[in-house]
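Could you put together the complete structure from these sequences and hints?
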Amino acid sequence: MQIYLPIAEMSVNVFLLLGMGGGVGFLSGLFGVGGGFLMTPLLIFIGVPPAVAVGTEANQIVASSVSGVLAHWGRGNVDFKMGFVLLLGGFVGSTLGVLLFSFLREVGQIDLVISLSYVVFLGIIGALMFSEGVRTMRRRKSAPTQRRKLHQHTWIHGLPLKMRFRRSKLYISALMPLSIGFLVGVLSAIMGVGGGFIMVPAMIYLLGMPTSVVIGTSLFQIIFVTANVTFLQAYANQTVDVVLALLLLTGAVIGAQFGARAGARLQGEELRVLLALMVLAVCAKLFYDLLITPGDLYSLGITR
Amino acid sequence: MNRRFVRFAVLSVAVLTLSASSRADTLVADLSQHLVGITTGFAGADVLLFGAVEGHGDVVVITRGPERPAVMHRKSRILGVWVNTASMTFDRVPSFYGVASSRPLEEIAPATVLARHEMGVERLRLALARAKASPNVAAEWRDGLLRNFQRAGLYANSVRNVTFLGNRLFRTRISLPANVPTGIYQVQVFLLVEGRVVSAQTTPLSVSKIGGEAVVYDFAYAQPAIYGLIAIALALVAGWLAHLAFRKA
Numbered sequence: 009m010q011i012y013l014p015i016a017e018m019s020v021n022v023f024l025l026l027g028m029g030g031g032v033g034f035l036s037g038l039f040g041v042g043g044g045f046l047m048t049p050l051l052i053f054i055g056v057p058p059a060v061a062v063g064t065e066a067n068q069i070v071a072s073s074v075s076g077v078l079a080h081w082g083r084g085n086v087d088f089k090m091g092f093v094l095l096l097g098g099f100v101g102s103t104l105g106v107l108l109f110s111f112l113r114e115v116g117q118i119d120l121v122i123s124l125s126y127v128v129f130l131g132i133i134g135a136l137m138f139s140e141g142v143r144t145m146r147r148r149k150s151a152p153t154q155r156r157k158l159h160q161h162t163w164i165h166g167l168p169l170k171m172r173f174r175r176s177k178l179y180i181s182a183l184m185p186l187s188i189g190f191l192v193g194v195l196s197a198i199m200g201v202g203g204g205f206i207m208v209p210a211m212i213y214l215l216g217m218p219t220s221v222v223i224g225t226s227l228f229q230i231i232f233v234t235a236n237v238t239f240l241q242a243y244a245n246q247t248v249d250v251v252l253a254l255l256l257l258t259g260a261v262i263g264a265q266f267g268a269r270a271g272a273r274l275q276g277e278e279l280r281v282l283l284a285l286m287v288l289a290v291c292a293k294l295f296y297d298l299l300i301t302p303g304d305l306y307s308l309g310i311t312r
Numbered sequence: 100m101n102r103r104f105v106r107f108a109v110l111s112v113a114v115l116t117l118s119a120s121s122r123a124d125t126l127v128a129d130l131s132q133h134l135v136g137i138t139t140g141f142a143g144a145d146v147l148l149f150g151a152v153e154g155h156g157d158v159v160v161i162t163r164g165p166e167r168p169a170v171m172h173r174k175s176r177i178l179g180v181w182v183n184t185a186s187m188t189f190d191r192v193p194s195f196y197g198v199a200s201s202r203p204l205e206e207i208a209p210a211t212v213l214a215r216h217e218m219g220v221e222r223l224r225l226a227l228a229r230a231k232a233s234p235n236v237a238a239e240w241r242d243g244l245l246r247n248f249q250r251a252g253l254y255a256n257s258v259r260n261v262t263f264l265g266n267r268l269f270r271t272r273i274s275l276p277a278n279v280p281t282g283i284y285q286v287q288v289f290l291l292v293e294g295r296v297v298s299a300q301t302t303p304l305s306v307s308k309i310g311g312e313a314v315v316y317d318f319a320y321a322q323p324a325i326y327g328l329i330a331i332a333l334a335l336v337a338g339w340l341a342h343l344a345f346r347k348a
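Order-wise, the sequence lines are chains A and B. Sequential numbering from 9 applies to the first sequence in this note's numbering. Sequential numbering from 100 applies to the second sequence in this note's numbering.
Take the hints with a grain of salt, since some may be wrong.
[As the list claims (entries may be wrong)] When the alpha-carbon atoms are kept at most 25 angstroms apart in a straight line, the in silico SDA-like pairs for lysine to any residue are as follows:
1) B/K174 / A/Q275
2) B/K174 / A/R143
3) A/K293 / B/R173
4) B/K174 / A/M9
5) A/K293 / A/F138
6) B/K308 / A/F129
7) B/K308 / A/G55
8) B/K308 / A/L24
9) A/K293 / B/N183
10) B/K308 / B/L130
11) B/K174 / A/P218
12) B/K174 / A/I300
13) B/K174 / A/F129
14) B/K308 / A/L294
15) B/K174 / A/P58
16) B/K174 / A/F295
17) A/K293 / B/I177
Think of the hints as simulated: they come from the structure by calculation, not from any bench. Keep in mind the model is a prediction, meaning the values are calculated, not measured.
As structure tokens, then:
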């Protein structure tokens, strides 16, 4: 059954979209990630214009983050103060990101920048997660784990504008979460992701937040940043396809339920290694596409 | 479908009697529909063109979409990665081009006639905005543009058949793909005798979004701020509903 997407201006099979939503939803439920970094490239692969893929995916992530954050809120796993500081940076970053996006689209470099951003960030995060996961799996087999220190003091703790974050048991400079929020905001606008896959490691390794509050807080600020991206993409570029977003969402909601159940049966480290492999696979595919000689050196830019 | 056929039959008879009565009208043609509506279930459409000619001759049908500027990019390799390094703007390019003829074009008319009426994709006159490119380079840009439109299914890859039913009645099909651009199309019908165009007729064909698709699209462009807010509101409600569903499960 074909459906015509009004903003993407193309006809797509409904079941393909529901299936994509379901598949990515399953993985996001399994691994506890947003799935934007998988969905946006997939949409581009099936022929959705990159600009529409990015704008629409931001819209879908708003919904999936809301349902996620409500669950974490119930368990008290959201550091609202940290969340507000992050989203302050995120607002500025994502606004700048959408402007940058419009500019790059105008000069015909947006596809390249999207692909390069994916290759660089998926490559780094995938490699880090993979090595971390493998190391933990080995350690678990050989020796009893050492207790980690709460956090280590580095130059980061010498920065001014210190703030106390009770829920995260941190006393750090507000500049750190502000700039992390800013960077992830820019990427969110350009890559069509929530940015959880960058935000979560950054919160754990750079800020030293306790793992229990990381996901809830990250989801909390993602809602606002992706809502901002959705609004600005719709306002400035008219690239948010509500019909597409709702179809993907329906599949994703159902898929995530099954994913979460399957995830309960797997070990944390194994999950992390699996996720890392998937991230690296997407990265490798995009990188390969940049390297091989394209079938046609000439391509059509934006028309309108 | 049935009604369309009846209409075709009735009109064909009308066309026949009409063309028989007046000798000046050597060519009459019409479309089975003048409006192609893009609805939710739109997956492309076929429009039937039929008509009649006076005496013997060949018929060529050209369908052109509304003209628009087109920006082309060319890639080259930088540090191993393929990057868009040059771009060129074409002032006016038909957003759709289809061609049909009763015999191979080259057998119907000499190259000059074919070129004058832009019969065949390769004979489209595409004007470059800046005349700074040398003829060779300009030709490469032009070929690149044709290839891109052909890949998208918007320019014809081959010449369709115009079928004669007897000596005077003819028909052909205009196939519009699912990604067809909206606007007013021009369907040009030429009658050629001994390599010369003796009669021609142009019929408009409108392609537009109708129903829910049109509402969403128009609203997104007319009220982008409110559209954005509604998109966010929908996502918030959907997320909340999903949360309720999760909690029960």
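Comparing the hints with the structure gives:
no.: 1; hint: B/K174 / A/Q275; result: violated, 46 angstroms
no.: 2; hint: B/K174 / A/R143; result: violated, 42 angstroms
no.: 3; hint: A/K293 / B/R173; result: holds, 22 angstroms
no.: 4; hint: B/K174 / A/M9; result: violated, 37 angstroms
no.: 5; hint: A/K293 / A/F138; result: holds, 18 angstroms
no.: 6; hint: B/K308 / A/F129; result: violated, 40 angstroms
no.: 7; hint: B/K308 / A/G55; result: holds, 20 angstroms
no.: 8; hint: B/K308 / A/L24; result: holds, 23 angstroms
no.: 9; hint: A/K293 / B/N183; result: holds, 20 angstroms
no.: 10; hint: B/K308 / B/L130; result: holds, 19 angstroms
no.: 11; hint: B/K174 / A/P218; result: violated, 47 angstroms
no.: 12; hint: B/K174 / A/I300; result: holds, 12 angstroms
no.: 13; hint: B/K174 / A/F129; result: holds, 24 angstroms
no.: 14; hint: B/K308 / A/L294; result: violated, 34 angstroms
no.: 15; hint: B/K174 / A/P58; result: holds, 18 angstroms
no.: 16; hint: B/K174 / A/F295; result: holds, 16 angstroms
no.: 17; hint: A/K293 / B/I177; result: holds, 19 angstroms
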